[in-house]
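From first to last, the protein sequence lines are chains A and B. The UniProt record's numbering applies: residue 1 is where the first sequence begins, and numbers increase by one. The UniProt record's numbering applies: residue 1 is where the second sequence begins, and numbers increase by one.
It is possible that part of the hints are untrue.
Stated by the list, open to error - Using C-beta positions, here's what the derived DEER-type ranges look like:
no., chain 1, residue 1, chain 2, residue 2, range
1, B, N288, A, D366, 51 to 59 Å
2, B, R290, A, L197, 54 to 62 Å
3, A, P493, B, M457, 25 to 33 Å
4, B, T460, A, S168, 16 to 24 Å
5, A, V465, B, M256, 40 to 48 Å
6, A, V471, B, T173, 13 to 21 Å
7, B, M457, A, D182, 37 to 45 Å
8, B, W293, A, L504, 51 to 59 Å
To be verified - Below, a list of computed lysine-lysine pairs in the DSSO-like style, where the Cα atoms sit at most 30 Å apart:
no., chain 1, residue 1, chain 2, residue 2
9, A, K495, B, K382
10, B, K495, A, K495
11, A, K382, B, K495
In case anyone wonders, no lab produced these hints; they're calculated from the structure. Remember, predicted model here, so these are calculated numbers, not experimental data. The C-beta atom is built at its ideal place from N, Cα and C for all residues, glycine as well.
Number of protein chains: 2
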Amino acid sequence: MPDLTVARYDVFEHTITAKVDGNPYLDVEFWGVFKHANRTIRVPGFYDGEGVFKVRLMPDIEGEWSLTTESDVAALNDQTANFTVTAARQGVHGPVSVRNKFHFGYADGTPYLPFGTTCYVWTHQTQELQAQTLKTLETAGFNKMRMCVFPKHYPYNENEPELHVYESKGDGTQDFDKPVFDAFRHFEKQVAALGDLGIEADIIIFHPYDRWGYADMSPEQDYRYLRYLVARLAAYRNVWWSLANEYDFLLNTKPMEMWDRFFQILEENDPYRHLKSIHQGNPELLYNHRRPWVDHVCIQHPDVQRTVNWRTDFGKPLVNDELQYEGDIIQTWGNITAEEVVHRFWLTMLKGGYAGHGETYSREDDVLWWAKGGVLHGQSPKRIAFMREIFEEDAKNGLTPFEEIYHSGYPWSSIAAARDGEVSYFYFGAHRPVIWSTGLPLEDGDYELDIIDTWNMTITPAKKVAAPVSVPTRHGDVVRGGEPDAAFGVELPGKPNLALRVRLRR
Amino acid sequence: MPDLTVARYDVFEHTITAKVDGNPYLDVEFWGVFKHANRTIRVPGFYDGEGVFKVRLMPDIEGEWSLTTESDVAALNDQTANFTVTAARQGVHGPVSVRNKFHFGYADGTPYLPFGTTCYVWTHQTQELQAQTLKTLETAGFNKMRMCVFPKHYPYNENEPELHVYESKGDGTQDFDKPVFDAFRHFEKQVAALGDLGIEADIIIFHPYDRWGYADMSPEQDYRYLRYLVARLAAYRNVWWSLANEYDFLLNTKPMEMWDRFFQILEENDPYRHLKSIHQGNPELLYNHRRPWVDHVCIQHPDVQRTVNWRTDFGKPLVNDELQYEGDIIQTWGNITAEEVVHRFWLTMLKGGYAGHGETYSREDDVLWWAKGGVLHGQSPKRIAFMREIFEEDAKNGLTPFEEIYHSGYPWSSIAAARDGEVSYFYFGAHRPVIWSTGLPLEDGDYELDIIDTWNMTITPAKKVAAPVSVPTRHGDVVRGGEPDAAFGVELPGKPNLALRVRLRR
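Isolated chain A, as found in the complex:
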């Protein structure tokens, strides 16, 4: 037996070739029992076609590991392997999970701040286009990708996929008992490629944009598909599970109790507890993300002012993956300006959530980034990347919006502000006071004060000035605006879309 090694958080894979009659996708149960010292992890294996069975592990600790397989099929039972897990490769931080209630972090302790984008069916396009998408992502600055397993039928998405996920019956529909193994292998290759770029793959398991029957599989086929997907993909450290895009438009064939069961299947089969969520369509009918099997809130909503309320209501990290997209198509969710996208990103972040990007510029060739990838044409991505750098620079425990820190809602319903440790951020949007002091430190000190132009991407030192003198504003009032007086103020240039960063000099 060769001396097998795998780096921590990479994929260990064990393969067994065995001749099994019938349809092993339907009939064969096969497990791998991995051991490290006294610890045991039992993970589902899967059939990969042509007599090949596989079981995978993402080891989370260095040292000596062993594998023993379990199956009712003799050839798949009691097979063993031993391997050594070495240190994680440079830049590999492990899977992302929830940290500090409203935030995320990698397994190695590095904070993870999602700045995601969306290319729903990029893995179903031509090889050339997929290569171009990966090349774009190398430098675009995004660290999460929403992507579907199934192909997509929708405006601007009328092409056939390169590979269907299940075998074609030849009449435009598929046989959902017969996976196309090449399709799954290809999908996981692209998930791995994203992992190599430091990008989390937010995998959309079901969706309603369908002409081939994927949305009409039987419950049994749905459950089997889900178990199979988890068995194949859970060992990839960058996997997130998004049960559906716009799950509410699938309720006609998949009632609410099925969604509960889907979440449970993820829990039963994924030993790593990758992040699980679900995405809704109707902005007024959010999924009840308080349910215990939901790890973080995924939301589609343009009114990002409500971010702090959603966060409070659900008590979990919040990602608004569709605050509407930069573009110019007729669909209203896909035609806002880059300026508005950047504005909504800053608002969302400083109200304690995280925002997601998408791009929908109409094109003769129907290659819109949001669905197919390719290249980016918009003006928001570089501003989002600039923003990501700013927040990663001082990320510690995650942002707490001022609405949660102060008793008074004013002025924080208009000026978005948040704090992480000793660093505070203010985002003024359409507000452009020429002096600001509310929410600044109550005691003077050696603060770095920086004006961030969120659109022009500049960071300029702010001038410290005396805090404006309080004048009672109303009958009976003793303090201005309900906030205690700050020790000082800052001068601002009277322009919109500015942010202010206040941090103790280190």
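Start from chain A and add chain B according to the hints.
Chain B only, in chain A's frame:
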């Protein structure tokens, strides 16, 4: 007796000089009974100082009128006068009242669309500044003014008024049993001056910005002041009653039952039923405008997307008088850009409400338009005037937002749209589709299609194009976006802050 004449909707005034002992402001009841044919209107008279008593009428119909006075004071009882009411002067349309549930109209049937501004205490500034304010208003394009009876103490408002409303006790407080008649005469002169400019005077009766004791008058003094104000001012056709600015910050001295009583005193004393409302401070604690004595909803709120919901909830015309002001002061309600003001005006209007303006640019001399008047420095007023022209051109019954016309909320939660008769308006804000068809007519016809650039103030014919072909968007969907397909589309230039007007060619 001279042959008295007064034009319809102007003020008829009858004066009696009589020596009355004591304090006639407190002690004398005095009424005028006006008759036209078999119709009788009984209106309160008032004491105007130095033995002068007056009673006023705004006659609403042409013809012969008579007056007989009533009082327990003999000299004020059974006095008579006759007068002739002639046709209304050119440009005089009478008082404004509610029309078509959510809208306003003048007594002569002309639609009235409020495009108001705010100079809270302009009548308390120097004569020069007041003259300048009126001169500015001649061409500014506003047709409503929010203004306080009492002077104001607040940041940027630390000067003493030219005249106090009650006699000074010499210790910084006033004797609220002794009116300064010159102050009231001056106030009504300025109300009349606004009327001559076609501007409604939205008179703010109480407010909490006080250092002189106005906010601490006894209930008896409050009630008497209110009756006196109505007796003096109700005959001015352009009067609106705003019980308070930020009434909720006065609840410590004036509990809720007093506000009910204030409304009732207006009802009991104002024979013309001028529009009555009340303005709140806390954006989350709106006054219950469903109460029967409220004519229209006055609101202070930056989240103008909610306009259609407020309108539905209260079932009355809605005026958002403070959607935040153009300016650059530290107070968040007073530092938004002109662009944002114009944006919120369009949103408010196309969601079935009306918007109000204010301007708060910080100045060395503390002369901010919002409080003191003077000249306008901002960029929003001319865009608001441009907008007013557009909507007055086709005003008929008032706008109904598409949310109330169509069953589907999409896309009307993002694209504001409304219809008045056969004219439809769409406002795209940060959305800039290059083709639009949703909500356009279902049958083709000879439509004028105009693109309105709300910021650059241009109106350009739009190119009619084929409506985009429907592709089912989702599993089970038959129509795109839940709306029936329009007969045609329009090409748009891909810029933000555009509006589209669709009207049948006349």
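Here's how the hints hold up against the structure:
1. N288/B to D366/A: 51 to 59 Å: This hint holds: roughly 52 Å between Cβ atoms.
2. R290/B to L197/A: 54 to 62 Å: Holds: the Cβ-Cβ distance is about 57 Å, inside 54 to 62 Å.
3. P493/A to M457/B: 25 to 33 Å: Since the Cβ atoms of P493/A and M457/B sit about 27 Å apart, the hinted range of 25 to 33 Å holds.
4. T460/B to S168/A: 16 to 24 Å: 51 Å, violated
5. V465/A to M256/B: 40 to 48 Å: For V465/A and M256/B the Cβ distance comes to about 42 Å; the hint holds.
6. V471/A to T173/B: 13 to 21 Å: For T173/B against V471/A, whose Cβ atoms are near 19 Å apart, the range 13 to 21 Å holds.
7. M457/B to D182/A: 37 to 45 Å: 59 Å, violated
8. W293/B to L504/A: 51 to 59 Å: Since W293/B and L504/A have Cβ atoms about 56 Å apart, the given range 51 to 59 Å holds.
9. K495/A to K382/B: 20 Å, holds
10. K495/B to K495/A: 21 Å, holds
11. K382/A to K495/B: Holds, because 20 Å separates the two Cα atoms, which is no more than 30 Å.
Of the numbered hints stated above, those contradicted by the structure are hints 4 and 7, listed in ascending order.
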